[in-house]
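Using the sequences and the accompanying hints, generate a full structural model.
Residues 1 to 238 in my numbering are what the sequence shown lists, from first letter to last.
Some hints here could point you the wrong way.
Using 20 Å as the maximum straight-line C-alpha spacing, the simulated EDC-like pairs for lysine to aspartate or glutamate come out as follows [stated by the list, open to error]:
hint : residue 1 : residue 2
1    : 42        : 91
2    : 52        : 71
3    : 42        : 129
4    : 185       : 137
5    : 199       : 61
6    : 224       : 137
7    : 185       : 129
8    : 133       : 91
9    : 67        : 91
10   : 52        : 76
11   : 42        : 54
12   : 42        : 71
13   : 42        : 137
The set of hints was computed from the structure by calculation and includes no laboratory data. These numbers were taken from a predicted model, which means no experiment stands behind them.
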Amino acid sequence: MVVSLVARSNILTRHKTIIVTGSNVGLGLEAARHLVRLDAVKVILAVCTLSKGEQAKGAIEASVSRKGVVEVWPLDLESYDSVKAFASRAEGLPCLDIVNENPGEELTVTVNVVFTLLLAFLFLPKLRETATKHNQEAVLTFTSSLVHYLTEFPERAKKVIFEALRDKETARMDDRFISSSAKPKVIINNVNPGFVATKVGSRTLVHAAEGGVGTHGSYLIDCKPGQYVRYLIMPMTQ
Numbered sequence: 001m002v003v004s005l006v007a008r009s010n011i012l013t014r015h016k017t018i019i020v021t022g023s024n025v026g027l028g029l030e031a032a033r034h035l036v037r038l039d040a041v042k043v044i045l046a047v048c049t050l051s052k053g054e055q056a057k058g059a060i061e062a063s064v065s066r067k068g069v070v071e072v073w074p075l076d077l078e079s080y081d082s083v084k085a086f087a088s089r090a091e092g093l094p095c096l097d098i099v100n101e102n103p104g105e106e107l108t109v110t111v112n113v114v115f116t117l118l119l120a121f122l123f124l125p126k127l128r129e130t131a132t133k134h135n136q137e138a139v140l141t142f143t144s145s146l147v148h149y150l151t152e153f154p155e156r157a158k159k160v161i162f163e164a165l166r167d168k169e170t171a172r173m174d175d176r177f178i179s180s181s182a183k184p185k186v187i188i189n190n191v192n193p194g195f196v197a198t199k200v201g202s203r204t205l206v207h208a209a210e211g212g213v214g215t216h217g218s219y220l221i222d223c224k225p226g227q228y229v230r231y232l233i234m235p236m237t238q
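Okay, here's the thing in structure tokens:
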């Protein structure tokens with residue numbers, strides 16, 4: 001099923017400008033490789049270490065035999081200034097069709113939540129501009145995880161959630177990692193790649209990136225909308 005979806009994505013990713021964060025290793029790297037193979041006009045690898053990004057670029061070009069498509073841009077998701085600078089640079093692109101935010105296996109709310117969402121908000125004007133210009137939806141997709149079902153996340157009931165998260169006396173860091181994991185102009189979704197080999201899981205990122213109104217607001221699992229954990233969608237009084 002996933003293989004056929006990736007083949008179909010060729011039509012939906014062709015000539016698109018795409019940003020993939022966390023793309024020098026793992027799922028991000030393999031997703032970027034697929035997107036280059038599927039005729040994206042520009043795939044930007046957003047990485048913390050430029051040398052590692054250049055290595056990833058070389059590996060993609062060698063395996064796909066397409067040059068002049070991949071660019072490497074610096075992005076440190078632990079730095080407010082870096083996030084702002086990256087978003088400002090993206091504003092200068094002729095267009096921005098797809099963003100895959102794939103922050104990686106970090107144990108910090110700063111990386112997986114605060115600055116990942118800040119970057120998303122900063123991207124939205126450019127994504128909307130592109131969608132309006134080309135009369136088609138742009139896509140903003142986040143790589144998430146099935147293990148969000150396993151966290152209790154008691155801080156959600158606090159009046160100021162981030163203040164509760166800062167309390168060193170009550171912090172539960174193992175649980176913390178699990179926690180962080182009209183017709184719209186910009187399709188926004190979350191994708192769970194599942195417990196699979198990296199090359200297989202990366203194809204689910206490509207499926208999420210192809211968007212489709214039916215995926216808007218969805219938690220995607222096995223390339224179709226699944227169910228969020230109950231407390232994320234129920235009123236706080238329940």
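Evaluation of the provided hints:
no., hint, verdict
1, 42 to 91, "15 Å, holds"
2, 52 to 71, "12 Å, holds"
3, 42 to 129, "17 Å, holds"
4, 185 to 137, "5 Å, holds"
5, 199 to 61, "16 Å, holds"
6, 224 to 137, "18 Å, holds"
7, 185 to 129, "9 Å, holds"
8, 133 to 91, "14 Å, holds"
9, 67 to 91, "24 Å, violated"
10, 52 to 76, "13 Å, holds"
11, 42 to 54, "15 Å, holds"
12, 42 to 71, "7 Å, holds"
13, 42 to 137, "18 Å, holds"
Hint 9 from the list above is the single one not met by this structure.
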